[in-house]
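Asks: On the provided structure of chain A, position chains B and C as indicated by the hints.
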Amino acid sequence: MNHTIHFKVNGERYDLSVPGHHTLLQVLREQLVLTGTKNGCEAGECGACAVLMNGEPVNSCMVLAAEADGAEIVTIEGLAHDSQLDPLQDAFIEAGAIQCGFCTPGVLVNARALLNRNSDPSEPEIREALVGNLCRCTGYIRIIEAVKMAARAGKEVAG
Amino acid sequence: MSQESGVRSQESEIRNPKSEIRNPKSEIRNPKSAKHSIIGASPHRIEGRAKVTGAATYVDDLQFGPNLLCGALKRSPIPHGIIKSIDVSRARALPGVRVVVTGQDFPGFTGLYLKDRRIFALDRVRFVGEPVAAVAADSPEIAAQALELIDVDYEPLPGVFDPEFGASPEAPLVHPDLGQYECVPFIFPQPGTNISNWFKVRKGDMAQGWAEADLVYEHRYRVPHVQHVPLETHVCVAQQDVNGKITLWSSSQSPFAQRNLIAQALHINHSKLRVITPYVGGGFGSKAGVSMEGAAVGLAMHAKGRPVKLRMTREEEFYTTFVRQGLVAHVKMGMTQDGRITAMENRFYWDGGASTEYGVNITRAAGYSGTGPYFVPNIHVDSYCVYTNHPIGGPMRGFGMAEMHFGIEQHIDQMAHQLGLDPVQVRLKNCLKEGDETLTGMIMHPTGLSECIRKAAEAICWDEPQTLPSGPHKTRGKGLACMWKAPAMPPNPGSSATIRLSEDGAATVSIGGVDLGQGALTVMAQLAAEGLGIKIEDVRVNTVDTDYSPYEWQTVASRLTWSMGNAVLMAADDARTKILRTVADAWGEDIDDLDIIEGQVVSYKTEEAIPLRDMVIYGLQRPDGTWTGGPVVGEGRFMPEYVTPLDPETGQGPRAVVHFTTGAQAVEVEVDTETGELQVLKIASAFDVGHAINPEMVKAQMEGGAVQGMSTALLEQLILDQGIPRNPNFTDYRIATAVDAPLATENIIVEVPQDDGPFGARGVGEHPMVPTAPAIANAVYHAVGMRLDSMPITSQKVWEGLAKHTS
Amino acid sequence: MRPFDYIIPKDHAEASALLAEGSGAARAFQGGTDLLIRVRGGFIRPERVVDLKRLPGMQEIRLGKDGWLVIGAACTMNQVAIHPLVRERYDLLAQGTASVASYQLRNRATIGGNCCNASPAADTAPPLFCLDTIVELYGPGGVRRLPIADFYVGPGRTALQRGEFLTSIHLPPSPTGAQGVYNKLGRTKVGDIAVMSVAVYAWPAATQSGLTWRIALGAVGPTPLRAPEAETALAADISPAGVVAAAQLAAGASRPIDDIRASAAYRRDMVRVLARRGIEKVLDLTGLRDLSGLGGAA
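Residue numbers (the working numbering), protein chains in the order written: chain A, 1 to 159; chain B, 1 to 807; chain C, 1 to 298.
Hints were generated in silico from the structure; no laboratory data involved. Here the structure is a predicted model, which means the values were calculated and not measured. Mixed in with the good hints there might be a few duds.
Stated by the list, open to error - Simulated crosslink set (EDC-like; lysine to aspartate or glutamate; CA at most 16 angstroms straight-line):
{"id": "1", "chain 1": "B", "residue 1": "Lys200", "chain 2": "B", "residue 2": "Asp60"}
{"id": "2", "chain 1": "C", "residue 1": "Lys281", "chain 2": "C", "residue 2": "Asp91"}
{"id": "3", "chain 1": "A", "residue 1": "Lys148", "chain 2": "A", "residue 2": "Asp86"}
{"id": "4", "chain 1": "C", "residue 1": "Lys189", "chain 2": "B", "residue 2": "Glu670"}
{"id": "5", "chain 1": "C", "residue 1": "Lys53", "chain 2": "A", "residue 2": "Asp120"}
{"id": "6", "chain 1": "B", "residue 1": "Lys272", "chain 2": "B", "residue 2": "Asp241"}
{"id": "7", "chain 1": "A", "residue 1": "Lys148", "chain 2": "A", "residue 2": "Asp120"}
{"id": "8", "chain 1": "B", "residue 1": "Lys682", "chain 2": "B", "residue 2": "Glu464"}
{"id": "9", "chain 1": "B", "residue 1": "Lys797", "chain 2": "C", "residue 2": "Asp258"}
{"id": "10", "chain 1": "B", "residue 1": "Lys578", "chain 2": "B", "residue 2": "Glu589"}
{"id": "11", "chain 1": "B", "residue 1": "Lys578", "chain 2": "B", "residue 2": "Glu635"}
{"id": "12", "chain 1": "B", "residue 1": "Lys578", "chain 2": "B", "residue 2": "Asp593"}
{"id": "13", "chain 1": "C", "residue 1": "Lys189", "chain 2": "B", "residue 2": "Asp732"}
{"id": "14", "chain 1": "C", "residue 1": "Lys189", "chain 2": "B", "residue 2": "Asp672"}
{"id": "15", "chain 1": "B", "residue 1": "Lys797", "chain 2": "C", "residue 2": "Asp259"}
{"id": "16", "chain 1": "C", "residue 1": "Lys189", "chain 2": "A", "residue 2": "Glu125"}
{"id": "17", "chain 1": "A", "residue 1": "Lys8", "chain 2": "A", "residue 2": "Glu56"}
{"id": "18", "chain 1": "B", "residue 1": "Lys332", "chain 2": "B", "residue 2": "Glu218"}
Okay, chain A solo, but in the shape it has when bound (with noise of 0.2 angstroms):
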């Protein structure tokens, strides 16, 4: 049985049919082709799928598309404003806080969300704002250093 739902996904409107089985990661993929979100495990363990769904950050492996009806979701693809990056995209590059990429997008997702609500987080309520999100390559060392960048930036232009 398909569903109809309308959403908004990076600020656009979408009516989609779905399949009642289908997650929301299935559809962002493979019906709006967004393919900066990742499937890393489908259990909601790994994070690489993160999205936010009305503000807040959700492993979108663990929802399925017919409860977006109605709901604003951001992916990875609507972080940046027009060609303005995120401070935490730009931070990234910065820290060199990627290396294979494939965890970046759920992780600036979940980051994104934790600056949203606490705009001067210290290091431990970083690492347990990320620990949903697993990285195999950098260690998460740079990924932390980034976030704070991120923050001190953000602190900086809010003056």
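Replies: Just chains B and C now, kept in the frame of chain A:
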């Protein structure tokens, strides 16, 4: 420095090896303040923007349209057995199923060093998860249903689940036909046994060695199977066109090796198989060689032109592609009371799993490295690769070195403690220095090993009193381990590169190596920019398409910066020479008076300048109106020409390997003595990289390797219960998270130049994972006086040891 | 994933009727963090999932009659963990919910789902057991309530009957001065399933020690367990020696097994350690800790 034609050397780049210890917080450098030379600067990763915006495309992101078929593999549920029958008729009949294949369709053998593997099991299964059939269907749901409709009848056979047992005469044979398998000349299978390779080192006089020792100590160490856990699981798409040409889009470290091995296995010409590798989401060795890609190609060959995608689920990733071999190591050492090693007798039983086509070389590498990075005059090493009915052991970051050093580095530590000596001093006394003979008779090249040991120890404040623990029931300790590793390759692995200039003056570098995240694209861009004399912003580096890219053996062995870097430099120099010849001709000048600086050809004599874009395609007009030059393409290649075979009985030979990268890590830990939990306070890494082309990326490898090493040390084990994996998922196979990462790291670059490396560079991708586990184990010993001789060092294991200790 | 239909029932009665279909054809769905994994793994094969989240009251947290706190079963872990009333009056529960997995998973995992999944390792369970929780169920026979200890029947099994679902969790008014500590041990430092866990809860009362105690254990039995002997012992004696003895009694109340996560022996001893640490912390928080015994052997 090498004077090979075309490879520019920079004598002035040898850095003063004084203290390089920096505050980690200040190590994130602003590249705008970098020096004039791009070599030794740390420009941002060139594909960074693509990766942070989600624009970077991995294989599962490629779009193939509505005709894409979903592939799925039917797998053996038992670890060892005869296939009595397979009935695929019900699966074939299911609507939406387009292809069903079995081992009957692809009976050929394949393998990198030993051809002991088929794409699908034919008559026998040898591990839980071995593919016995495959389907391609219109949707994943139909494919899953089809698998359930395939009926396989097995007759179970007794299994082998331990490598020491497997090597004994009592063990059933996993590969009775071992004697008939093709293998490369430097691998020595033992037909009629489960030993698929036996590497021996015999050097010196063991009796004398033991006699000279004041202490002889023997112990056994165990390392279980772990898995690489790349965030992107194995995935590929295969399609055969109407002319029989197959395209394979593959998340691979080895597009050319995949082409080679699959073409051989399927008896097709290399030119009929094209492998394309876009971005790869981590590999760590698991995506070297071939694992499931042959099955996808097999399906495509029957899919009447439709593309077939095969993607491993996370569960499949844990045990059906490659795992790291397990190891049981018997280490025996003799030492004088002043800490000099007199003899070593080591036996390594490698749990190679159901196929050791790759693992045989890991066994060999451990053999020729089998003393650890020390000078030992009397040596006996036996390194056995043993078949078991476990998942397939293959290359994982370190290629046997992490497993092997776990035992050796604890052993040296233990003996130092027993003799009342400082373990750091004992290492400094025995570690290899330039000119020493290694266990295979190779003369050690210049190396910064001693410097690495000293600096790592210093960074952890080795000689200072232990800092106070953070609370009650806690105690702290420090440990150090050092290591060496050579790129483990056949004697003739080649790299090649081309550089094409275009109308905008930019350069496109084509290579066969893959960026798995280690930064290969960026480093090659730096080398090309430096070699040509252009800005790095004007360099693009292609990902691999075997139809267009020049050959690269594999992206393994920490070889790209060194080997492929040489090829790129040579290509840059070739292009540069062609450019300067053209300008010299057009301007009537001497080529030695010309240079390329930031994309301009300049004459030192006349001070004339011309931007590259004005002449790299169209050439230049001479004064008489004729034209000279044309499109500029530079080419380069590199292959080491000096590796010698080793005597099969003694392991001796003038040059076993191309070179060794050496290093050390020092770790400080805090142990909760009630719960056994470990907190890693600090990991200090020091590695001799010859010359850091991109220092920040080198440090990023040190951090990533240290944390991956720490994760395997503390958390990881593929739990196999009579061959059945019990934890193939993230719930019960835990890896280090952001909370588990050490509280502090320090990354020290030591530079003792590599004579034939680009600007003196040597690889470092694998090495930072090697000493971490023994360094942690040594730190635990220092903290609580307990030796943990098996991995992982879980909190429960520490608790059990403490309980035994105090009782 | 094997196909299934997704249904949003319009009211409790329809939800109950859908779930009453036999042989697992219909499954309750809220956060899906347990259900979807089991469907993917082929362990269950529902034909339809019934989304209970949008039923009235399921996502609410409100003060009920007589000062009880009523938490809708579909409230997420994060919702519970940050709610001012939970933090103020039932901080122990906030601790338990905040310890689950990761922040993003806690935006989906629900307190009701945690109870109904009935893993002995559930992180909400030891706190809920300490808090004398009542669960409210809706089913074909109407509404019924059960103490939480009666709701957990065995590993993965609850008292839910055919067609029933959990609608809300009721917490009695929090005693003045109550303090609680939830300690859990995982293989990784944060975010793991509990290898074992201990909730310690106490409030000022007219006992010998001045406190009444609740101690509940997770992942060391077929269900979460209380440790009544330890509770009684502490009510009488909170001296350092008494604390040690009570922790030993708590360990004695556990019935752990060996599995791939840990051994029974380790789990049992960790109950002793984490119970002692929890008791000491609660005593610190209530200001009743006898520090003169500091430094004594554990």
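Asks: The structure should be examined with respect to each hint, and the outcome stated for every one.
Replies: Hint-by-hint comparison with the structure:
1. Only pairs whose Cα atoms come within 16 angstroms are accepted, and B/Lys200 paired with B/Asp60 is rejected, the gap being roughly 44 angstroms.
2. Proximity of C/Lys281 to C/Asp91 is assessed by CA-CA distance (about 14 angstroms); at most 16 angstroms being required, the pair is judged to hold.
3. Of the supplied pair hints, the one linking A/Lys148 and A/Asp86 holds, its CA atoms being roughly 14 angstroms apart against a limit of 16 angstroms.
4. Proposed proximity of C/Lys189 and B/Glu670 is supported: the alpha carbons are some 14 angstroms apart, at most 16 angstroms.
5. Between C/Lys53 and A/Asp120, the direct Cα distance comes to roughly 33 angstroms. Violation of the 16 angstroms bound is thereby established for this hinted pair.
6. Taking the CA atoms of B/Lys272 and B/Asp241, the gap is about 10 angstroms. The hint holds against a cut of 16 angstroms.
7. Restraint check: the Cα-Cα separation between A/Lys148 and A/Asp120 comes to about 8 angstroms, which is no more than 16 angstroms; the hinted pair holds.
8. Restraint check for B/Lys682 and B/Glu464: the C-alpha separation of about 15 angstroms stays at or below 16 angstroms, so the hint holds.
9. For the hint pairing B/Lys797 with C/Asp258, the CA-to-CA distance comes to about 14 angstroms; that is within 16 angstroms, so the pair holds.
10. For the suggested pair B/Lys578 and B/Glu589, the alpha carbons sit about 14 angstroms apart, so the restraint of at most 16 angstroms is met.
11. Restraint check for B/Lys578 and B/Glu635: the C-alpha separation of about 11 angstroms stays at or below 16 angstroms, so the hint holds.
12. The suggested pairing of B/Lys578 with B/Asp593 holds, with an alpha-carbon distance near 15 angstroms, which does not exceed 16 angstroms.
13. Between C/Lys189 and B/Asp732 the alpha-carbon distance is near 14 angstroms, which keeps this suggested pair within the 16 angstroms criterion.
14. A distance of roughly 13 angstroms separates the Cα atoms of C/Lys189 and B/Asp672; the hinted pair therefore holds under the 16 angstroms criterion.
15. A distance of roughly 14 angstroms separates the Cα atoms of B/Lys797 and C/Asp259; the hinted pair therefore holds under the 16 angstroms criterion.
16. Taken as a hint, the C/Lys189 and A/Glu125 pair is honoured in the structure, with Cα atoms around 14 angstroms apart against an allowance of 16 angstroms.
17. With a CA separation close to 14 angstroms, the supplied pair A/Lys8 and A/Glu56 stays within the 16 angstroms bound.
18. Of the supplied pair hints, the one linking B/Lys332 and B/Glu218 holds, its CA atoms being roughly 4 angstroms apart against a limit of 16 angstroms.
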